[in-house]
Amino acid sequence: MGMGKTLTFWLPLLFCATGIQIVVTPLNQLSQQNAVANLKYRAIIVSPEQLMKPGGEFDKLLTKPEFVSHIIGFVFDEAHCIISWGEFQPEYRELQWLRYIVPHRVPYLVTSATLTPESLSEVKRLLHLCSENLLAVHTLTNQPNLVLCVWKIKYTLSTYTDLGFLIPLGWQAGDPLPLKFLVFFDDIQDAINTTKFLRIKWFNSDMMMEFKEVEVATLAEGDTFGFLTTESFGMGMDISNICIVVQWKATCSLSTIWHCWGHAAQHCGLQGIVILFCKKGYFDDVHEEKHQHQEARK
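Taking my numbering, the leading residue of the sequence shown gets 1, the next gets one more, and so forth.
Read the hints as simulated data drawn from the structure, not as lab findings.
Here the structure is a predicted model, which is why all the values come from computation and not from measurement.
Just so you know, not all the hints are guaranteed correct.
Using 20 Å as the maximum straight-line C-alpha spacing, the simulated EDC-like pairs for lysine to aspartate or glutamate come out as follows [to be verified]:
#	residue 1	residue 2
1	212	238
2	154	289
3	249	162
4	201	213
5	249	186
6	280	175
7	40	66
8	152	285
9	40	59
10	124	91
11	249	284
12	279	295
13	280	162
14	152	289
15	196	210
16	201	186
17	279	175
18	154	175
19	196	213
20	53	285
21	279	190
22	154	284
23	212	175
24	154	190
25	60	94
26	249	213
27	212	49
28	196	186
29	152	190
30	154	59
31	152	186
32	60	49
Beta-carbon label-pair distances, calculated as ranges [unchecked claim]:
#	residue 1	residue 2	range
33	100	220	50 to 60 Å
34	141	241	46 to 56 Å
35	282	195	32 to 42 Å
36	10	90	44 to 54 Å
Glycine included, every Cβ here is placed at the ideal spot set by N, Cα and C.
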């Protein structure tokens, strides 16, 4: 949620001139494998898929004593994904075996802006973290520059017409750009379907890495003003000037919603708005109206 956790990843490197810090985070790729093996880099970012792939390049690295001797820590960023993504990406569950592969002297740093006490307990169990050797640091994630809204979906779900406010009616190329936005969906197909109404690119984990790198750069620079995306977009993305973040339908966990909303107005001088679109059935006035109709029939 733009809380500056990344600084803690690199601080240990200041105190160990030859140390290697490994950051495990979703949807990043380990590149230039030979350079990594030759200790060229001191900060290595790797996805759980690559880290735990049997017979993979990183699996081979962890069998080399010279490389392992330089490891000073593992960082697990976006740690809530170990639980929420473990259901459909088994590699996240496989992280539990890492503790038996690397020396016990190597410490773990586990970070997340949306890790509930229950989720923390589960992460501790999966990563084999000993409570007596664990220091938990809790900080506030308040963002007073955000306006939180819950809006009723008024139109037919399949039309996505409720999202029309994001781009002014009649907007054309050359007009002032709309406010920068992200719309999060729980289903990739939903994001793709929305493009039939809202002519904006979709962005998800199925896209090629080259595409994602280019498109994130255009969003950051202002050449693109919005994406139709999924939770995977948020992993490691720090774009501070997104004004509007929308979650389409309340079908995901509350921690997932907060994580997505945390991408709005990360620059403290910017005012942002976050919106949760819900079906009509969740609202009290709809229930009350239905109740009145039932009473009138009696």
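Each hint, compared with the structure:
Proximity of residue 212 to residue 238 is assessed by CA-CA distance (about 14 Å); at most 20 Å being required, the pair is judged to hold. Under the criterion of a C-alpha separation no larger than 20 Å, the hint pairing residue 154 with residue 289 is consistent with the structure, at around 15 Å. Only pairs whose Cα atoms come within 20 Å are accepted, and residue 249 paired with residue 162 is accepted, the gap being roughly 11 Å. The straight-line distance between the Cα atoms of residue 201 and residue 213 is roughly 14 Å, inside the 20 Å bound, and the hint therefore holds.
Between residue 249 and residue 186 the CA atoms are separated by roughly 8 Å; this keeps the pair inside 20 Å, and the hint holds. With a C-alpha separation of about 34 Å, the suggested pair residue 280 and residue 175 falls outside the 20 Å cut-off, and the hint is violated. Restraint check for residue 40 and residue 66: the C-alpha separation of about 13 Å stays at or below 20 Å, so the hint holds. With a C-alpha separation of about 11 Å, the suggested pair residue 152 and residue 285 falls inside the 20 Å cut-off, and the hint holds.
Between residue 40 and residue 59 the CA atoms are separated by roughly 18 Å; this keeps the pair inside 20 Å, and the hint holds. Distance check on the hinted pair: residue 124 and residue 91 sit about 17 Å apart at the alpha-carbon level, within 20 Å; holds. With a C-alpha separation of about 17 Å, the suggested pair residue 249 and residue 284 falls inside the 20 Å cut-off, and the hint holds. A threshold of 20 Å between alpha carbons decides the hint, and for residue 279 with residue 295 the separation of about 23 Å lies outside it, so the pair is violated.
A C-alpha spacing of about 13 Å is found between residue 280 and residue 162, which places the hinted pair at or below 20 Å, so the restraint holds. The straight-line distance between the Cα atoms of residue 152 and residue 289 is roughly 15 Å, inside the 20 Å bound, and the hint therefore holds. Proposed proximity of residue 196 and residue 210 is contradicted: the alpha carbons are some 24 Å apart, above 20 Å. Proposed proximity of residue 201 and residue 186 is supported: the alpha carbons are some 16 Å apart, at most 20 Å.
Straight-line distance between C-alpha atoms of residue 279 and residue 175 comes to about 33 Å, which puts the hinted pair past the 20 Å bound. Note on residue 154 and residue 175: the hinted pairing is violated, with a Cα-Cα distance of about 28 Å set against a maximum of 20 Å. The hinted pair formed by residue 196 and residue 213 fails the criterion: a straight-line CA distance of about 24 Å is larger than 20 Å. At roughly 51 Å between alpha-carbon atoms, residue 53 and residue 285 are farther apart than 20 Å, so this suggested pair is violated.
Pair hint residue 279 plus residue 190 holds up; C-alpha atoms about 15 Å apart against a cutoff of 20 Å. Annotation: proposed proximity of residue 154 to residue 284 holds, straight-line Cα distance about 15 Å (limit 20 Å). A hinted pair counts as satisfied when its Cα atoms are at most 20 Å apart, and residue 212 with residue 175 does not qualify at roughly 26 Å. Restraint check for residue 154 and residue 190: the C-alpha separation of about 17 Å stays at or below 20 Å, so the hint holds.
A distance of roughly 16 Å separates the Cα atoms of residue 60 and residue 94; the hinted pair therefore holds under the 20 Å criterion. Distance hint between residue 249 and residue 213 is unfulfilled; the C-alpha atoms sit about 28 Å from each other, more than 20 Å. Distance restraint check for residue 212 and residue 49: the Cα-Cα separation of roughly 18 Å lies within the 20 Å cut-off, and the hinted pair is therefore satisfied. The straight-line distance between the Cα atoms of residue 196 and residue 186 is roughly 18 Å, inside the 20 Å bound, and the hint therefore holds.
For the suggested pair residue 152 and residue 190, the alpha carbons sit about 18 Å apart, so the restraint of at most 20 Å is met. The suggested pairing of residue 154 with residue 59 is violated, with an alpha-carbon distance near 51 Å, which exceeds 20 Å. Restraint check for residue 152 and residue 186: satisfied, since their Cα atoms lie roughly 18 Å apart, inside the 20 Å limit. Straight-line distance between C-alpha atoms of residue 60 and residue 49 comes to about 14 Å, which keeps the hinted pair within the 20 Å bound.
Hint check: residue 100 to residue 220, Cβ distance near 40 Å, so the stated range 50 to 60 Å is violated. Between residue 141 and residue 241 the beta carbon distance is about 19 Å. The supplied range of 46 to 56 Å is therefore violated. In this structure the supplied range 32 to 42 Å is violated for residue 282 paired with residue 195, their Cβ-Cβ distance being about 26 Å. For the pair residue 10 and residue 90, the supplied restraint of 44 to 54 Å is violated, since their beta-carbon distance comes to about 30 Å.
Hint violations for this structure: numbers 6, 12, 15, 17, 18, 19, 20, 23, 26, 30, 33, 34, 35, 36, all remaining hints satisfied.
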